[in-house]
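Undergrad: Let's have the full structure, built from the sequences with the hints guiding it.
Counting from 1, position 43 in the sequence shown corresponds to residue 43 in our numbering; the numbering is continuous, with no gaps.
What the hints contain is simulated information worked out from the structure, not anything from laboratory work.
Any given hint might turn out to be false.
Said to hold, decoys possible - Within a straight-line C-alpha distance of at most 30 Å, the following computed DSS-like cross-link-like pairs (lysine-lysine) qualify: (1) 167 <-> 15; (2) 15 <-> 60; (3) 60 <-> 8; (4) 167 <-> 157; (5) 161 <-> 150; (6) 15 <-> 49.
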Amino acid sequence: MSGDTLDKLVVFLAKRDGIDKLVKTYQYVSKLVHWAAETSHPGFAGRAKNWETAAGLSRKVFRSGRSLSGLNALRRSPGEFGALAVLANAGEMVYFFFDHFTWLARVGVLEPWLARRASFVSAFGETVGYVFFIIMDFIMIRRGIRQERKLLSEGGKEKEKETELSKIRMDRVMRLMGTAANLADLVIAIADIEPNPFCNHAVTLGISGLVSAWAGWYRNWPS
1 MSGDTLDKLV VFLAKRDGID KLVKTYQYVS KLVHWAAETS HPGFAGRAKN
51 WETAAGLSRK VFRSGRSLSG LNALRRSPGE FGALAVLANA GEMVYFFFDH
101 FTWLARVGVL EPWLARRASF VSAFGETVGY VFFIIMDFIM IRRGIRQERK
151 LLSEGGKEKE KETELSKIRM DRVMRLMGTA ANLADLVIAI ADIEPNPFCN
201 HAVTLGISGL VSAWAGWYRN WPS
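TA: Structural data, given as structure tokens:
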């Protein structure tokens, strides 16, 4: 590993989101390993399941206080998106707030029966948030495409135009990564709200979790 890459990894892991994406990778890799080994190697599959459970609970600890970011966003002006931004941030706030109760119930601090109810409310808020964040990203991507076409059709200094086009294209890539992560996490949330054979299958959950985690790696990796 080169020094520059190591420096970036250290910066990445110093962020709360960086640690979350690393542990999320552990969580969903171990889910897929458990599914693959469950029949042929039950002992190994059991260890993979323990790894998955530990990673999932660890992520909930790392997310302590994250509900405040949604609350803070609601306190500020919603900006040009208005109701879309309010609903997206409200959903995120509910998601992270009730996630604390899910974690406390699963580790035995609160009554175990609370875990399922808190998880349902948390997943519902998560779903609402993701839907509206996805809508806002699509609006911005569409706007960027229009700006790009306009720049390409106009004259002007080539260097300035290329700089502006580069910014638009990079913003589009980051928003597409965010949309991929939100769509993947939406599948996981639906599996919690309305269990069904497709969303709750280990492969669906595993791939969705890894798509979300790796999109997060891309977005948070130091440039």
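Undergrad: The structure should be examined with respect to each hint, and the outcome stated for every one.
TA: Okay, the hints, checked on the actual structure:
no., hint, result
1, 167 <-> 15, "24 Å, holds"
2, 15 <-> 60, "15 Å, holds"
3, 60 <-> 8, "25 Å, holds"
4, 167 <-> 157, "16 Å, holds"
5, 161 <-> 150, "11 Å, holds"
6, 15 <-> 49, "27 Å, holds"
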